[in-house]
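If you read the sequences in order, they're chains A, B, C and D. First residue of the first sequence? That's 345 in the working numbering, and the numbers climb one at a time after it. First residue of the second sequence? That's 345 in the working numbering, and the numbers climb one at a time after it. First residue of the third sequence? That's 345 in the working numbering, and the numbers climb one at a time after it. First residue of the fourth sequence? That's 345 in the working numbering, and the numbers climb one at a time after it.
The hints are all genuine.
Because identical chains cannot be distinguished in the list, a pair is counted as satisfied if it fits within a single copy or across any two copies.
Straight-line C-alpha distance at most 20 Å; calculated PhoX-like pairs for lysine-lysine: (1) Lys456 with Lys690; (2) Lys453 with Lys690; (3) Lys453 with Lys554; (4) Lys691 with Lys456.
Don't read these hints as lab results, they were simulated from the structure.
4 protein chains.
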Amino acid sequence: MTDGREREAVTESSTSSPATTSSSSKTSPPADRREFLKGAGLGAVAGASYGKFGLAPITPAAADPIAPPKLSTEKWWPSKWGADDQAGASNHITPAKVIETAKWIKDGKIYKLGHDYEASMPLFGKRVFTLRIPGGPTGGPFGENRLVYHDEFVTTEIGQVGTQFDYLGHIGIAMGAPGDKAEMRFYNGHTVADFSDAYGLKKLGVEHCKPLFTRGHLVDMVPVKGRMMEAGEEISMADVRAALAKQNMSEGDIRPGDGIFFNTGWGTLWKKNNDKFNSGEPGIGLEVANWVIEKDLCLTGADTWAVEVVPNPDKTLAFAVHMTLQTKHGILNHENLFFDDLIADKKYQFVYSFTPVPIVGGTGSPGVPIGIT
Amino acid sequence: MTDGREREAVTESSTSSPATTSSSSKTSPPADRREFLKGAGLGAVAGASYGKFGLAPITPAAADPIAPPKLSTEKWWPSKWGADDQAGASNHITPAKVIETAKWIKDGKIYKLGHDYEASMPLFGKRVFTLRIPGGPTGGPFGENRLVYHDEFVTTEIGQVGTQFDYLGHIGIAMGAPGDKAEMRFYNGHTVADFSDAYGLKKLGVEHCKPLFTRGHLVDMVPVKGRMMEAGEEISMADVRAALAKQNMSEGDIRPGDGIFFNTGWGTLWKKNNDKFNSGEPGIGLEVANWVIEKDLCLTGADTWAVEVVPNPDKTLAFAVHMTLQTKHGILNHENLFFDDLIADKKYQFVYSFTPVPIVGGTGSPGVPIGIT
Amino acid sequence: MTDGREREAVTESSTSSPATTSSSSKTSPPADRREFLKGAGLGAVAGASYGKFGLAPITPAAADPIAPPKLSTEKWWPSKWGADDQAGASNHITPAKVIETAKWIKDGKIYKLGHDYEASMPLFGKRVFTLRIPGGPTGGPFGENRLVYHDEFVTTEIGQVGTQFDYLGHIGIAMGAPGDKAEMRFYNGHTVADFSDAYGLKKLGVEHCKPLFTRGHLVDMVPVKGRMMEAGEEISMADVRAALAKQNMSEGDIRPGDGIFFNTGWGTLWKKNNDKFNSGEPGIGLEVANWVIEKDLCLTGADTWAVEVVPNPDKTLAFAVHMTLQTKHGILNHENLFFDDLIADKKYQFVYSFTPVPIVGGTGSPGVPIGIT
Amino acid sequence: MTDGREREAVTESSTSSPATTSSSSKTSPPADRREFLKGAGLGAVAGASYGKFGLAPITPAAADPIAPPKLSTEKWWPSKWGADDQAGASNHITPAKVIETAKWIKDGKIYKLGHDYEASMPLFGKRVFTLRIPGGPTGGPFGENRLVYHDEFVTTEIGQVGTQFDYLGHIGIAMGAPGDKAEMRFYNGHTVADFSDAYGLKKLGVEHCKPLFTRGHLVDMVPVKGRMMEAGEEISMADVRAALAKQNMSEGDIRPGDGIFFNTGWGTLWKKNNDKFNSGEPGIGLEVANWVIEKDLCLTGADTWAVEVVPNPDKTLAFAVHMTLQTKHGILNHENLFFDDLIADKKYQFVYSFTPVPIVGGTGSPGVPIGIT
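The shape of chain A in the complex, shown without the other chains (with noise of 0.2 Å):
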């Protein structure tokens, strides 16, 4: 009914951190930390309406605060790309890489592997998307020969909403103390407190990113499952082998820079039933995750609008392999893709190609990459 942009939820969600009133502690004890992070960790669950990443039923801490968090008990910078690397894996795209892939055009054939954008597109938590034209037309008649034109004025969440690609500034870890942005980490180590700014990001912005052609490989578990899979149903190393088998693809096909993308059918519920397919998602798990790092791939893609599995199995964990994939190892990630046209014409493998905007201090992008087969 109303649009989820409801600020009740996320005052509920996040006023539950005690105020120390102490003034001049520059520490708070302990026992006021683990307040904070139970209050954090309460506010994930009421927050449907704070983003996508309030959306998975995750329990609160109990554990004490000032430990590491869950998976990142090791320090995980600096990147196998070098210390002051911002392009993470789009740095495998070498023109070898280019020629290798290039191959795979054969039929000429493009497909378009992603959403129109629009209002009624489904949105996650408090984002919007909304264009206007200003003016009928924008200006004009100029000259004897009378130009008229219209502009169009958007206004949204540029690279967070619809198909969108995840880049290096959009995903961290909080390692230290609740608050303390000195210690909130992102890829390569850098910090809230170093790169966070009101105006984009100073560092991990996604200019950075270097142009995507690359060879991509689709993996359709529809016809495994023998249906649409579910929320919180999570895609196994198991599934992607029988997939691949299904399709006639070798596993040693899958070569170092290459993308992987799944198809879970969740993407038919686009613009059909919005709230359910916002409400989680099918997709892949820490396994799975684990594999493309062995596998050193470029990007993850999929049909839903967040990749992985949501909730994740263990309730403990918000988005574990975008934590893994992105923060840790600078691997990329595609979401809300389109791939019915690719899988009518039983096309698995392609080439992938997309430039992300380059929007200075972005954390993501919009466009829809294209499948040349």
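Start from chain A and add chains B, C and D according to the hints.
Positioned in the frame of chain A, the structure of chains B, C and D alone reads:
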């Protein structure tokens, strides 16, 4: 000093139309209309702040405004692509064209042919580009893994700022009486009354564009002229031929559906002298435009904000090339491109690949094309 | 489920106008225009998502569209306040009126007569309200005193969301042929061709309104009806008189320049049942509107989104009271007010004080008026 | 030339914080933090484009950043209005105060004490003000009465542009370690960790402000100085007394809950020399601020963008008056006011009436106050 978004100039430029005070008059007398158009012409002169289309010093019309507009005395629609077509020259991109194009991938090198998006780029008229990071970070921590994330919130004339791709709902011609939306016509004869809407164009939106993957030919004027070209300086066919010769390219090798691109040197002003950059530009005129039509090309592009010469040597004309190529022939246009890296490598022929962000009802698209060699 | 910002309904509602395919015809034949208006009428019926003005079920015009529109067969301008006036009924607020009004300050009690602004309020059609806090905090720390600060970044149809004050550039009448901007007339005869601009209205903007400080009279219909009034239920003069009697007020005490306000109970749906709230409303019709004109009042107001009855009992009319009071008489209108506190204290007469936010070229203003007793 | 929204300066100003490369350190060593603050201080110096709070040339902190910030060595909360209070000095506006105030309405004359809102007004740092009219008109025609309408679509830092009213979530103090949100404290001790949220402040939002209706006293410095005051020139108590004497006003007549306003002449630069206007300003310092606290006033105001002197004569301080009055005492502040009409009529005492637009979670409000005499 101020940012060019002054309201005054606009007011000045647009209030000269006489208010016909007769109540039920459906057709204003010709004298009034003549006045109106004069107003519109003066508006264009004064309208340095009225969007890029007011930048050319245009002489007010002396002719009878009831007569058809200059250059448009004949009906130009339906389009060669069919009366219902909304894809224009993107229809050139067939499988055969893709296969022909892919043959040009030899080095495996990818060039970014556009600029990054940021508030400091030259923005025409009153257009804006604003980016804010909501929160710092936007959300989290969530889960025992304590995930945090950033979004970005952008407000802008998204298809008409920075490196920009003009689509078919952008440019039209006022064929009828002043203010008559039913005779303001765009590609394929569509009218403002017909498809312009406050919430997005109902036809000719950029979502109808097919992904572009074609052969690109770059014409570099700087070596020909021995300098950056200047505002108001037109690229002639003789210039084009001189450049092709200098680059050891054959005019005959430019085939239907290809893209033609012009480097004028004007792009060196980008972010270095935005005021001069916006004040006019060198570019092609009707001579080259007609050659583009004869050659049956897919698109034009340049390192300038309009590709065509501004002001036009014929001072009565405003953006005559836009109108001729886009409105009448559905030939597309990519502005504010960046060719320096191609030129440094002496690569004048390349695969041009670009897929517009499919914003429903949008007039254009952001995003940088790539050149692959 | 979705948020009513669907593009589909709009498309449906607006594409029925036939594209006249004759090329140079400057005046379409009457038959085509008749078709067009029929389309416009149907659009209104389908346009539940097309802004609040599409909510009323309006019967398409069967009459000749070349004829003047219903209720507007005669010229209504210039206004009684002079042909150049842009202040309308705010001209009532003279020093004498202010002194007369100030006498009503007896208790020293101030009532807020409007709602807070937030994304969860009922928003009509495709209008939005979005607020983001850039950064967290937005800036700092600065200086050895380590100052930090927050800003807020808002995108919205600012004068037409929540508690809203309609000004004179908001409502007009299409007096001429379909699509003819030169005959779409607003207060004092100003036309869309004359003052509508993509970057702000060039006349009749809300900055021209004088600060309002006048005597307010509240008519509470709930005790008269013994219940909340329903959508489509018109407040008659008999109702007004019954309410005044019940409240021990005299019709004669309502003086020129005063404000008249209506409580229908419909406001109790605010944020509780936004869908019903937006689906229509009770309110005044032309009978009371004509009394408002005779009484020479400054403004009307109500606890509803349009003050007037929607749908109008005459199904061929769309927002006839808006058009009659605002467009023809310059009488102002304040929507989505909140009277519960006044009513709880049985205060039906009060000082109404409101100064619109002077947004140059704006159609209305946000802000809550106060009632002082 | 450009509009001050350059990204470069920001980058420069904010990247000097050293990336602590130690992996799992939950508490960075003091040495690092000292470095960080030094960076922050330098950032402020460079940050001419970083919002108004970066305009003052501030010397980087040499002191130990672990020590309390200058001027804030003692705990200042809870507020005198109670530990739960969110209304601050607007609590002064009681019925008794309203009645006392209303006695000053004698002439019945209303003065608008602020500026119109438009893109050409001086905007600090990267703040923007954009207005678009969607469509032309936005909607219609509807019904046989053929109604049409306009909306306006605005994007802006709405409470912090133009004539602006600062509320209690705007200014705070970083009491703890750099980047520690749990010790960035605002009015009543609320912390960034506690109430700052990407979608609106969860406490101290401007919706908590009570409508202001109080006695205003204007201090005109121009006749005292015989000229416009200059940037960095502080208004002393001696100045205030000289002005009061010149205006035949008694200091004793300034009562608790009243408002005090300063005219410096700086406002004459508005839209005439925006660059100079933004470069600094004359205003009150801590001496007058302390008098305002002693006098127990409701608010301050001026014809400048900060009311207080910028840069502060003590170059280590950034906006010390904001911090002292607003953050510590909940005394409100109205910026960019306009007093010329009052001064022309020699009216130095008036009813100040203003009700903020109650934007939930907003940091301030647009809108012009009125002065009634």
